[in-house]
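Residue numbers (the working numbering), protein chains in the order written: chain F, 1 to 220; chain H, 1001 to 1205.
Because the hints were derived from the structure by calculation, they are not lab data.
It should be emphasised that the depicted structure is a prediction, and the values quoted were computed from it without experimental measurement.
Incorrect hints may have been included.
As the list claims (entries may be wrong) - Over the 12 Å line for every Cβ pair with chain H, so calculated as not near, a few chain F residues: (1) 5; (2) 79; (3) 92; (4) 186.
Unchecked claim - Only some residues are given here: those of chain H computed to face chain F with a beta carbon under 8 Å: (5) 1019; (6) 1052; (7) 1055; (8) 1058; (9) 1086; (10) 1088; (11) 1090; (12) 1101; (13) 1105; (14) 1160.
Ideal placement from N, C-alpha and C gives every residue a C-beta, glycine not left out.
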Amino acid sequence: MGFGALFLRDLRLVWRRPGDVAVVLAFFVVATVLFPLGIGPESNLLARIAAGVLWAAALFASMLSLDRLFAADYEDGALDLLLLAPWPLELAALAKCAAHWVVTGLPLAVLAPLIGGAFGLDDRSLLVLVLTLLVGTPALSLIGGLAAALTLGARRSGALLALLALPLCVPTLIFGASAIEATATGEGFWVHLAILGALALMSLATLPWAIAAALRQAGE
Amino acid sequence: MVSAVLEVSGLACRRGGRRVFDNLSFALTGGELLALTGRNGSGKTTLLRALALLVPSLAGTIRWKGADVHDDRENWRAKLAWLGHQDGLKGDLTAAENILVAQRLRGQPADVDRVAHALSAFDLTALKDRAARTLSAGQRRRVALARVVAAKAPLWLLDEPLNALDAPAQKALNEGLTRHLAEGGLAIAATHAPLDSARILELGA
């Protein structure tokens, strides 16, 4: 009940300000398009680096919107209402990260094949790209959520947040990108996808508790 | 002798290594309003946050109808309606939406009639579809107070409820408080301005 209410509230808040999501998606497009401009239009090279570039750009793009995830509630006092809600704060943390994923991870996964196609990825690789982003980005939202909760109230929290979250996202990045490379070389990608899924499930099973603890600390 | 509903005994809090209050005890029965007074920094907000278990207390117990509130925190939180120093409103939601969402976040079904009633009590009916960010500070405070009234909670914890309120809004708050107390509710308010029929606890004295 409370979970759904918070999830829908956050989606509605994003709906009222669609510009915030548009900026994140535009960043993703611009950041990825810079690589062909910098490296040159050699299509073999671009197809080879596409997986890593798209995954790294998706990672940066999802970090971009995370610093407001809890900071907005912290600044306007709504965090106190969440801390005082008569249901577990862990669920509130999960609801907020889920809403973040719906407005960043999901659109990134939809947008990525368009750019991947421009990098010269074949159809099968594009499919794997979408799959890895769908499975892997929930972990990014949760890891970033923890960093956002830990940096609440800190000065320059955006930079600190990225510094905290990016190293923790490395395993997800590695297996996300390598799944696409494995497809290109004809190996199976299922192992990589399974590991990505395991990483996401591990984040789901542990991070809501860590985020809730960090939020309680911030509320003191 | 009516038995106390809320009993606080020996409560102590420290903030940043500094003692804010020690060995603080009081009891409230149904229908009582306690006004926390005292100078800036005397610990009024800390006491409210300690009662809501937002801030850990070093010592002491808080009992609601005889049961220690630490034993069942979620049940205790369900008893509270909170008005913090900040209004806790989302600027992109309308006044009415803010209150409806707050009700759902408390795990209650949205009660449109109750919300409409609370809004009209604070003369907000004409503003109910305006985004909260377009309201003035006093109007936002009134929305936050309407949220407290709509919360159906037996204990109100109010931090400076009269902040930014004009005279008609202060009167509406006093009426709301009187109705809440008449229904057997309790309220604790940190305040500098006098509230009707309040017992006074002076901190830092």
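Hint check results:
no. : hint : result
1   : 5    : 3 Å, violated
2   : 79   : 8 Å, violated
3   : 92   : 8 Å, violated
4   : 186  : 50 Å, holds
5   : 1019 : 16 Å, violated
6   : 1052 : 6 Å, holds
7   : 1055 : 5 Å, holds
8   : 1058 : 13 Å, violated
9   : 1086 : 3 Å, holds
10  : 1088 : 4 Å, holds
11  : 1090 : 6 Å, holds
12  : 1101 : 5 Å, holds
13  : 1105 : 5 Å, holds
14  : 1160 : 12 Å, violated
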